[in-house]
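Novice: Chain order of the listed sequences is G and A. Counted from 1, the first sequence has number 771 at position 194 by this note's numbering; the numbering is strictly sequential. Counted from 1, the second sequence has number 759 at position 182 by this note's numbering; the numbering is strictly sequential.
The hints are simulated quantities; they were obtained by calculation from the structure and are not laboratory data. Given the structure is predicted, the values throughout are model-derived calculations rather than measurements. Honestly, I wouldn't trust all of these hints.
Pairs count within a copy or across copies, as identical chains cannot be separated in the list.
[What the hints assert, rightly or not] The calculated SDA-like cross-link candidates involving lysine to any residue, where the alpha carbons are at most 25 Å apart (straight line), are:
1. LYS762 with ASP800
2. LYS734 with GLN748
3. LYS762 with CYS875
4. LYS762 with ASP583
5. LYS734 with GLY802
6. LYS631 with GLY618
7. LYS870 with VAL860
8. LYS870 with VAL688
9. LYS631 with LEU884
10. LYS734 with ALA616
11. LYS870 with THR887
12. LYS734 with GLY839
13. LYS734 with PRO603
Number of protein chains: 2
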Amino acid sequence: MSALPDITIQEVCPRDGLQIEPTVVPTDLKIALIDRLSALGFRRIEAGSFVSPKAVPALADGNEVFRSIVRREGVIFVALIPNLRGAERALEAGADEVNFVMSASETHNRVNIGMDHQGSLSALAGVTAAIGRRVHLNATLATAFGCPFEGEQHEDKVLRLIENYLRLGAQSITLADTTGMANPKLVRQRVKSILGLVPRDELTLHFHNTRGLGLVNVMAGFDAGAVRFDASLGGLGGCPFAPGASGNVCTEDLVNLCRDIGLNTGLDLEGLIALSRELPSMVGHPVPGQVAKAGRACDLHPVPLRLTLTD
Amino acid sequence: MSALPDITIQEVCPRDGLQIEPTVVPTDLKIALIDRLSALGFRRIEAGSFVSPKAVPALADGNEVFRSIVRREGVIFVALIPNLRGAERALEAGADEVNFVMSASETHNRVNIGMDHQGSLSALAGVTAAIGRRVHLNATLATAFGCPFEGEQHEDKVLRLIENYLRLGAQSITLADTTGMANPKLVRQRVKSILGLVPRDELTLHFHNTRGLGLVNVMAGFDAGAVRFDASLGGLGGCPFAPGASGNVCTEDLVNLCRDIGLNTGLDLEGLIALSRELPSMVGHPVPGQVAKAGRACDLHPVPLRLTLTD
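Based on the provided sequences and hints, a complete structural model is requested.
Specialist: Next comes the structure, spelled out in structure tokens:
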């Protein structure tokens, strides 16, 4: 096993990237995608979710996906869950880690999970009691940088909910900017505060590029001490309130940025670009990532013959 | 006149945004676009160029554009020029400022301008001699953060060329990342060095979002002391080597970012978003900007009825 990278990127394309797609990607293609991703150097891949198949039909095949993917040594396959039933299904399917999710905004949590905070925290306590230490338990706080219904989320509330997560057995934490409302000033403040509660190796930041700030917020989080980030191949994913806007932070764009500024991710950028270029045919539309279109900055071009501006 | 904004954004959509468009935008639409832009608070608009109409047919109507636009008090209308002939045409048309351009990469300069460095610098000397102080003379160094043919551009060369610009009469400087090859580490270094030669109010940074780093580089430049940036409504523009990739830094995305972190731009964000939403029908295709699709982070949504993840 090589040394830890400077930055750990958890690939979330198979879960957050595909969840909003109108066309359900066939299970065998999903499995092939995850197998190719795990060959490119990721140590963590969010491979699916165990939620209501009525709410997210695109991910109803989580059981088959987790049972069929190649298990590479050193790669942790994560399953998103909203409750105990999801945790039990994830364990049965063989997930290495469950990622419990609740929203900082109680309004958003009611819409998304169908529970108030107390309901979700009780569910988390049930998950801890049932799965004990059999798998790693991560807890995500969604809408941690803003809610599309409530607006700003006060830092005191966010910190209190994180304290509840830790008290109830969460072993690591994700702060999610679910609908792309974060900005670099807020990210710096919030990360500095959270790092008073959670060591940096147990904190993941999850940003969306909805308003063009995905990589700006990653850099702000890194400046404030964060070293773990979610990203999605091709920037796949999205926000239901921003049709046409970009989705998750794009994995290969982030890896390219890290490479250019000298941060090691342990990932194969050329392999990521090649795989990302296959995504449009898989999902049936162009994807937002830029580097797969433009190539790396170090990829030089032949000198063309053309009319000059002074002809 | 109100106090100077924290950040000055020069709008370049009418020049750099439209220059690469395959469909020539009719002159009257261009004039209407510029008039609407100048009503939204810009102090600087690059309204056209005086280059070979064979090389850039999309901007062949510069004379009519400059003669027809509404001249609002306090708004400087800039014309890009590659040589003395362009400067003379710009002056005849009534440009308030000429923006001379040469590339840091001599290979790129030969392809783009048809001259080596010595040829371009002689042209600049001719421009200074001919136009004297009749209009403000800005000088742009293109490919200042990397060249698609030569690759990295050494800082010593960049600094030496800027010194030549200043010696030959340039009153302000633009560093341009012509094909989106900059990264935040390089931007910080280069801006700190250049600010040893040029006061911050006379330095503009021009970034492209080709590899998703436009706003990341703006923030890095700002952190290093820069306060003037080029941007293009809708993120219009592009790079001939990256088909499908984003263009210039998107004006409304940058203004939205500034707003969220408390920096004043003096610009009307809602007006910019409304105008940007008209661009696709003007150019015949979607444009890359995100905020015009997603709305501002402070624009809240009604709570929907939907299936929850735990149904």
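Novice: If a hint holds in the structure, say so; if it does not, say that too.
Specialist: A quick look at each hint next to the structure:
no. : hint               : verdict
1   : LYS762 with ASP800 : both (11 Å within a copy, 12 Å between copies)
2   : LYS734 with GLN748 : within (20 Å within a copy, 52 Å between copies)
3   : LYS762 with CYS875 : between (31 Å within a copy, 15 Å between copies)
4   : LYS762 with ASP583 : both (23 Å within a copy, 16 Å between copies)
5   : LYS734 with GLY802 : within (21 Å within a copy, 35 Å between copies)
6   : LYS631 with GLY618 : neither (33 Å within a copy, 49 Å between copies)
7   : LYS870 with VAL860 : both (17 Å within a copy, 21 Å between copies)
8   : LYS870 with VAL688 : between (36 Å within a copy, 23 Å between copies)
9   : LYS631 with LEU884 : between (58 Å within a copy, 7 Å between copies)
10  : LYS734 with ALA616 : neither (40 Å within a copy, 42 Å between copies)
11  : LYS870 with THR887 : neither (30 Å within a copy, 38 Å between copies)
12  : LYS734 with GLY839 : between (36 Å within a copy, 23 Å between copies)
13  : LYS734 with PRO603 : neither (40 Å within a copy, 54 Å between copies)
Comparing the model with each numbered hint stated earlier shows that hints 6, 10, 11 and 13 do not hold.
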